Each structure stands twice: as structure tokens, then as C-alpha cells.
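> Residue numbers (our numbering), protein chains in the order written: chain L, 1 to 255; chain A, 256 to 650.
Please keep in mind that the hints were generated in silico from the structure rather than gathered at the bench.
Remember, predicted model here, so these are calculated numbers, not experimental data.
Hints may be right or wrong, so weigh each one.
Only pairs whose alpha carbons sit at most 27 Å apart, straight line, appear in this in silico BS3-like list of lysine-lysine [what the hints assert, rightly or not]:
#, chain 1, residue 1, chain 2, residue 2
1, A, Lys-453, A, Lys-410
2, A, Lys-410, A, Lys-367
3, A, Lys-453, L, Lys-255
4, L, Lys-85, A, Lys-367
5, A, Lys-637, L, Lys-106
6, A, Lys-637, A, Lys-549
7, A, Lys-390, A, Lys-367
8, L, Lys-254, A, Lys-453
9, L, Lys-254, A, Lys-390
10, L, Lys-157, L, Lys-24
11, L, Lys-150, L, Lys-24
12, L, Lys-85, A, Lys-390
13, L, Lys-106, A, Lys-390
14, L, Lys-193, L, Lys-153
15, L, Lys-218, L, Lys-150
16, L, Lys-85, A, Lys-311
17, A, Lys-390, L, Lys-255
18, L, Lys-119, L, Lys-233
19, A, Lys-549, L, Lys-254
20, A, Lys-453, L, Lys-106
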Amino acid sequence: MRKVLFVFVLIVCFRLIAEDVEEKITAEEIIETMTETFNPEESDAVMEMTIITSTNQERTFAYRAYSKNRGEKSLMKYLEPGRVKGQTVLMLNNADDIWVYFPRTKRVRKLATHAKKQKVQGSDFSYEDLGSSNEFIDDYNSVLLGKEEKEEKLCYKLELTKKKDGDADYSRLIAWVEKGTYIPVVISYYYEKDRDLLEKELVLSDVRTIDEIPTPMKMVMYNRLDNTKTSMKFRELTYDVNLSDDLFTEMGMKK
Amino acid sequence: MRSKAPFLTFFIFVVILNLLAIPDANAEELDVFGYFEPQYIFLYKDGASYLVNSDKLRVDLQHSIDGVEFGADFIYNLYFGKKNWNMLDFFSSEIRSEVPDGMRSYFLYEFKDTLYLDNVYVRMSNPRIACTFGKQQISVGTGYFSNPVDVFNLKDALDPTYEQPGQNGARLDVMLSSRTSFMLLYSPIAADWESSGKLLRLKVGLGHFDFVLTGYEFQDHLTDFYSLSVINQRRRLAGFEFVGELFGLGVWGEGAYNFMESSDNFYEFLIGTDYTFQSGLYVLLEYHRNERGKTRYEDYNINDWIRFFRGENKTISRDQMYGMISYPVTDLINLQLLSIFSVTDGTAAIVPVIDYNIFENVDLNIMGNIYTGSEGKVYNSKLGNGVVIRARVYF
């Protein structure tokens with residue numbers, strides 16, 4: 001009986017210690033784990049992007065997306081529709097260097113970092129939203145606000161404020177990151193010049209395990225200012241790839 | 256080839272299409288795509304209105320087998336409305352007076368229906384080396400409105416992103432490292448090594464910048480109206496390009512020094528900058544100097560105009576400024592305002608543009624052009640103000 005009681009006390013103690021450790025997790029650790037989970041070492045995907053305009057018109061794009069070094073290098077090649085087919089965007093150094101290839105003129109144009117603010121094919125995603133893998137760490141200071149239910153999931157609620165020397169195009173973000181999986185459930189983006197004005201909201205759902213990595217298969221970006229939305233979903237996805245560095249070059253864009 | 260043998264071209268195209276349709280175990284499917292582009296140009300000139308209507312069909316083919324890519328496209332252009340023009344009607348009365356009446360027919364121009372193979376090439380590549388043979392797109396230079404280093408294409412500053420015709424050549428691209436590469440091009444003319452084009456380009460990426468060095472030797476043509484002859488001479492071009500970022504602004508530039516065999520050497524350069532504001536407003540500015548252009552508008556002569564229209568000289572005046580403001584008013588509509596300003600004579604062309612993605616695969620493009628200058632200057636109203644309505648249906 002004493003042995004049973006001892007084991008019981010031991011389990012309770014361990015549990016309390018474990019909870020204490022979890023409670024002491026910092027905002028930076030959550031953001032780091034989330035960034036790691038969200039940006040696997042390499043990926044090869046076919047994505048479908050659907051834009052719904054304020055007048056309820058729909059435009060659908062499909063593109064092949066390759067990513068390496070946890071998103072530090074990425075390449076997007078449009079497959080559909082015909083008017084953009086073959087257009088390719090290469091982003092290196094977490095989208096600090098962007099090149100666009102236009103197949104009809106065979107011209108490659110290098111864009112400066114300000115182009116990260118431009119919408120990708122008129123969608124509610126900017127190049128920064130799609131290409132910058134470590135922006136949450138590099139461009140923002142994060143604070144853990146507590147725990148909260150969001151989309152029926154228990155989440156860490158974090159506030160990320162733009163660093164003084166940061167490149168970010170938003171004044172702050174509020175992120176709800178699911179406890180356990182460290183997958184963001186909702187991210188709210190606030191306007192650069194007004195920290196109280198909600199500009200966009202990203203909702204991630206349909207989490208499935210692909211090659212042992214939990215992955216939200218669907219993302220919807222709501223533009224609260226323009227009243228538009230863009231959804232992205234994976235048609236195909238694998239993390240089990242070994243992508244050559246040669247793919248992430250000007251010659252790779254033209255392939 | 257363009258106008259003389261459209262049916263032969265079409266026949267060759269059909270044969271290629273059939274050959275490619277033969278199934279092969281290792282082959283990817285033949286990819287057929289392209290667009291149909293009806294275009295209406297309304298022109299108001301010298302108190303009269305004109306309409307030029309064209310229908311363009313472009314069909315692209317692409318096919319790959321084990322790292323060997325075949326690409327081709329043929330273009331069929333049909334013209335309606337006012338098809339016959341005389342270039343002299345666009346010149347000032349002073350310049351027209353230089354032309355004897357008997358020579359007016361020399362300046363006649365007709366928009367003729369054409370069918371031709373625009374590009375047809377085979378490309379063999381591995382991840383680091385690519386060889387391309389045939390008629391292919393060659394685009395060089397970092398400028399948006401004009402490219403001093405690019406002697407292959409005739410960019411229309413009023414419509415600078417419109418596709419350019421293919422160039423015949425054998426090309427080798429070698430990637431030495433992820434951001435270092437070189438390109439060799441041989442563009443043959445009548446199997447004559449001396450007159451054929453020989454190009455070498457070396458591209459290096461350093462930090463947020465890309466730098467390119469270019470050397471090109473080719474045959475230059477310059478029309479001389481006064482002696483009714485064409486001066487053919489060897490031209491050697493040494494070019495430099497850069498593109499990158501400074502203080503948050505996109506910056507680029509390109510310059511070329513041209514060593515001429517039998518006329519004066521000349522230089523040409525362009526520098527540009529751009530910025531995207533948080534609202535999505537995009538602003539671009541470029542300054543372009545062409546030493547072959549004239550410094551005083553009183554000195555413009557018929558040679559300057561003919562050479563400009565024929566693409567032998569990129570500008571009539573020496574100094575130009577280009578500007579563009581672009582703003583996405585909705586997800587599907589983009590407004591642009593382009594302005595081309597001749598610093599030399601103080602005239603400008605203003606081009607308002609509406610781009611509307613009207614359906615999934617249909618773009619509508621409406622462009623106006625307004626010339627502000629008086630007769631005799633570069634952007635003068637004698638050129639005719641107008642509107643271009645262009646739709647493009649992709650398949």
C-alpha cells in the first residue's frame with residue numbers, strides 16, 4: 001500500500017513539474033517551435049489558390065511550390081490558368097531577394113524588398129506572407145498573452161510587435177498557436193500605421209499528418225479592409241524530398 | 256518568310272505538330288497553349304479619325320523528352336480598317352518638305368496579314384548547362400522602358416512589356432554557382448563569321464545586387480536618307496548592368512559603350528528606381544541618355560525620324576525621363592499612368608492604362624496616348640492621339 005501511495009505521489013509530482021515547465025515556456029520558444037513546425041526542412045507541393053473578390057468573383061490559380069532550408073529558399077511556378085502559366089517566382093534569403101520569370105518574354109526581373117508588399121496575383125497574400133519563413137522571429141518582438149480557446153482548440157495567445165529595425169509590413173500580429181502541435185490556428189495582422197486597425201486575418205484548418213509532420217492543409221486569408229478573401233489548399237504535398245540547390249537559381253526558374 | 260510564305264510556314268507547323276503527336280514512352284504530353292488577341296486602335300490625327308483593327312492568334316507548343324525541350328509558336332495576324340499609311344504623314348511639314356514628291360511612295364507602309372513561326376527552338380539542358388538552338392526570345396537589360404544593352408528587341412516605350420519577336424541563334428548558358436553564370440550566343444548572318452552576332456554575358460550576384468557584363472559584336476545598319484543608302488558596319492558593344500536595392504528603394508541601371516567601325520562611337524545608359532507603398536501604390540522612374548540622340552530639336556532631321564521608326568536608333572532626342580504610377584484599385588483592376596518625357600525638347604507622351612482581368616482567362620487592356628508637343632518635337636500631336644483597346648483570351 002505504501003509503495004502504491006509512493007508511486008502515486010511520484011506521478012503527481014512529475015505531472016506538476018511537467019506542467020510547471022510547460023507553463024514557463026516563453027513566447028520566443030513558442031514562436032521558434034511554431035516556425036520550425038511550419039517550415040519543414042524541404043517540401044514539394046502543388047497548391048491551389050482561390051481569390052474571392054469584394055464583388056464575389058472567383059479566380060483560381062494552381063502553382064507548384066518548392067521550399068528548402070526551412071523556407072529560406074522557395075520557388076513557385078504557376079501551372080494554371082493559361083494567362084500566368086509558366087510564370088515563376090524565386091525567393092531567396094527569406095524573400096529578401098525576389099526574382100520573377102516571365103515565360104512569354106523569357107525575361108527575369110529582380111524585385112527589391114519593397115515588392116514584398118505587393119499582392120501575389122491580386123490575392124490577399126503578399127510575397128512576404130508566402131515567402132518569409134522566419135519573419136516572426138526576425139521582424140517581431142513576441143509576448144505571451146496567455147491561453148485561450150480559438151476555433152475550438154486550446155491555444156497560446158501571442159502578441160508580436162514589429163521591431164524598430166524590422167522589415168515587417170504590419171505594426172503587430174496576434175497569433176493563436178495550438179498547444180501541443182504548435183500549429184498557428186489564427187493570425188491577425190494589424191495595419192502598419194495603425195496598430196488597432198485589423199488588416200488581415202489568416203485562418204488555418206484541416207490539420208493532417210504528412211510525412212510525420214502535422215500540416216494545416218487549408219489556409220484562408222481574409223482581408224478585413226477590402227472585404228476579400230483568398231483560400232489556399234494543398235493538392236499534393238510531400239516533405240520527403242531531396243531538392244537540389246540548382247533548382248533555386250535563374251536556370252531553375254526557366255526549367 | 257513572314258509575308259511571303261505563310262502557307263509553307265503553316266504546313267511546316269502542321270508537320271511538326273503531327274510528328275510530336277507520335278506517342279513515346281519517355282515523352283511528356285505535347286503542351287499546346289496560346290492566346291487570341293483582338294485589338295482596336297482609334298487614332299485622331301490632323302482633324303480626322305481612323306480605326307485600325309487587328310486580330311492576332313498565337314499558338315505555343317512545348318514538348319520535353321529526357322531533358323530535351325522543344326518549343327515553338329506561330330503567330331497569325333489579320334488587319335482590318337485603315338491598313339495603308341505613309342510615314343511622312345507623321346513628320347513635321349519642315350521634314351516633309353525635304354522629300355521630293357517622287358519619293359513619297361518610298362515611305363508607304365501597309366499592315367499586311369502575316370503568318371509566321373515566331374520562335375522555334377530546341378533546348379538541351381542539365382541542371383547547370385543549357386544549349387538552345389533556333390529562333391528564340393533573347394531579353395537582356397534591367398531597364399523597364401528601354402534597354403541600352405539590348406540590341407535584339409525594339410521596345411515600344413508606350414507599351415514596354417509587350418512580347419518581342421524571336422531571334423535566330425545558338426546559345427549556351429552555364430551556371431558556375433548559384434548566382435554566377437555566363438551566356439554565349441552566336442547569331443549567324445549568311446554563314447559569315449565577321450557579320451554574325453557574337454555575344455558574351457557574365458552575371459554575378461553579390462548581396463542584394465546582380466551585376467552583368469556584356470560584350471557583343473554584330474552588324475549595325477543605319478539608313479541614310481540623304482544618300483539613299485544603308486550604312487552597314489561592325490559594331491562592338493561593351494555593356495554593364497546592375498539591379499538591387501539602396502535605402503529600401505529598388506535601383507537598377509545599364510550602360511553600353513558602342514565602338515563603331517565607320518561612324519562615331521557612342522554611349523547609352525539608363526538608371527531607374529522604384530518603390531511600392533503600403534497601400535499598393537507602385538512608382539517607377541527612369542532616366543535614359545542616348546548619345547546618338549540630338550541635343551536640340553531644331554536639329555532633328557529626316558534621318559533621325561526614319562532611324563527611330565526603323566528601330567536603328569532608340570530615341571530621337573538625347574535625354575529622356577520615364578515614369579510609371581500603378582495602383583491596384585481592386586483585385587482585378589489595375590490602373591497605370593505612364594509618362595515619357597523628352598528632356599531635350601520638353602515634350603511628353605502620357606499613357607493612361609486600365610488593366611482588367613475580366614474573366615479567369617481574359618484580360619482587357621485599355622490604353623490612351625496623348626502627345627503634348629508641338630510639330631517638329633519628339634512627342635508631337637502630329638503622331639496622333641488615340642486609344643488602344645486590346646483583349647487577350649488565353650487558352
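> Can you confirm whether the C-alpha distance between A/Lys-453 and L/Lys-255 stays at or below 27 Å?
holds, 25 Å
> So if I understand the rule, the pair passes when the alpha-carbon distance is 27 Å or less; does L/Lys-193 with L/Lys-153 pass?
Violated: L/Lys-193 and L/Lys-153 sit about 31 Å apart, past 27 Å.
> Need the status of pair A/Lys-410, A/Lys-367: alpha-carbon distance at most 27 Å?
holds, 21 Å
> Holds or violated: A/Lys-453 and A/Lys-410, Cα atoms, limit 27 Å.
This hinted pair holds, its Cα atoms lying about 21 Å apart.
> Hint check: L/Lys-254 vs A/Lys-390, CA-CA at most 27 Å. Holds or violated?
Judged against 27 Å, a Cα distance of about 17 Å means the pair holds.
> Measure nothing beyond the straight line between the CA atoms of A/Lys-390 and L/Lys-255; if it is 27 Å or shorter, mark the hint as holding.
holds, 18 Å
> Check the hint pairing A/Lys-637 with L/Lys-106 against an upper bound of 27 Å on the C-alpha distance.
violated, 35 Å
> Between L/Lys-157 and L/Lys-24, does the CA-CA distance stay at or below 27 Å?
holds, 14 Å
> Are the Cα positions of L/Lys-119 and L/Lys-233 separated by 27 Å at most?
holds, 18 Å
> Is L/Lys-85 within 27 Å of A/Lys-390, Cα to Cα?
holds, 21 Å
> Holds or violated: L/Lys-106 and A/Lys-390, Cα atoms, limit 27 Å.
holds, 13 Å
> Tell me if the straight-line CA distance from L/Lys-85 to A/Lys-311 falls inside 27 Å.
holds, 19 Å
Of the numbered hints stated above, those contradicted by the structure are hints 4, 5, 14 and 19, listed in ascending order.
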